[in-house]
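Listed below, chain by chain, are the residues.
Number of protein chains: 2
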Amino acid sequence: MEKIKLSQLASKLTKPYTPIEVCNIDDYHCYLSLLQGEYPFHKHDGDEFFLVIEGETEIDLEGESITLGKHEGLLVPKGVVHRPNSKRRTIALIFESKALASHWVEG
Amino acid sequence: MEKIKLSQLASKLTKPYTPIEVCNIDDYHCYLSLLQGEYPFHKHDGDEFFLVIEGETEIDLEGESITLGKHEGLLVPKGVVHRPNSKRRTIALIFESKALASHWVEG
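Chains C and E, in that order, are what the protein sequence lines are.
FYI, in the numbering used here the residues of the first sequence are 1 to 107.
FYI, in the numbering used here the residues of the second sequence are 1 to 107.
Worth flagging that the hints you see were computed from the coordinates, not collected in a lab.
Accuracy of the hints is not assured; some may be wrong.
Note that identical chains are pooled: a pair holds if it fits in a single copy or bridges any two copies.
[Said to hold, decoys possible] With a straight-line Cα cutoff of 25 Å, these simulated DSS-like cross-link-like pairs (lysine-lysine) come out:
1. LYS43 to LYS78
2. LYS5 to LYS43
3. LYS87 to LYS3
4. LYS43 to LYS3
5. LYS70 to LYS3
6. LYS78 to LYS5
7. LYS70 to LYS12
8. LYS78 to LYS3
Assemble the whole structure, with the sequences as input and the hints as a guide.
Now the structure itself:
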């Protein structure tokens, strides 16, 4: 069995919002993503959990923004419109169902 | 919506192997646990993902031990006998199904 080194995976992240899979937990994904710049507003048909490993990002919601630093997380419940919006290189773990569908929303 | 601060939750962890819930992602748990000392050998009917946030632990398997340091993780697949075994205060995130059942195994 092989251990997973987040720093090794993070060093491969060069393109924003192009996640690398960390592992599958049954039918759930854990992936690592480089958040940098504004992602489009969207919502999902399931919950999504963000956990910042390195850097700092805003998670913009309708009417508020939440700043997440290292080892801070946010559970974005099913149906809630959101977008990551990061001014600098930020590495986050994301947990969600493999079957998760996204719906884009005009910003 | 409230952000989750792992350091704040970790400061509440005083008793080994008595996890605190971080959040639910649909029907999955994310919790934070203090790994310290030997936990009994066991296996689950689903996958379990360990991610060390602070400290260092062994995950003992049948015939091998894997050392996990900060930001290192291990996916323990369904049915695999394992136990955390940590000589010092180690904080880990754990992801698993809420419906996960454990089966104890003689060490």
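Outcome of the hint check:
1. LYS43 to LYS78: within (7 Å within a copy, 31 Å between copies)
2. LYS5 to LYS43: between (30 Å within a copy, 23 Å between copies)
3. LYS87 to LYS3: Classified as between; 19 Å across copies, 31 Å inside a copy.
4. LYS43 to LYS3: Only across copies: LYS43 and LYS3 sit 18 Å apart there, 32 Å inside one copy, limit 25 Å.
5. LYS70 to LYS3: both (22 Å within a copy, 12 Å between copies)
6. LYS78 to LYS5: between (29 Å within a copy, 21 Å between copies)
7. LYS70 to LYS12: both (19 Å within a copy, 19 Å between copies)
8. LYS78 to LYS3: Result: close only across copies, 16 Å inter versus 31 Å intra.
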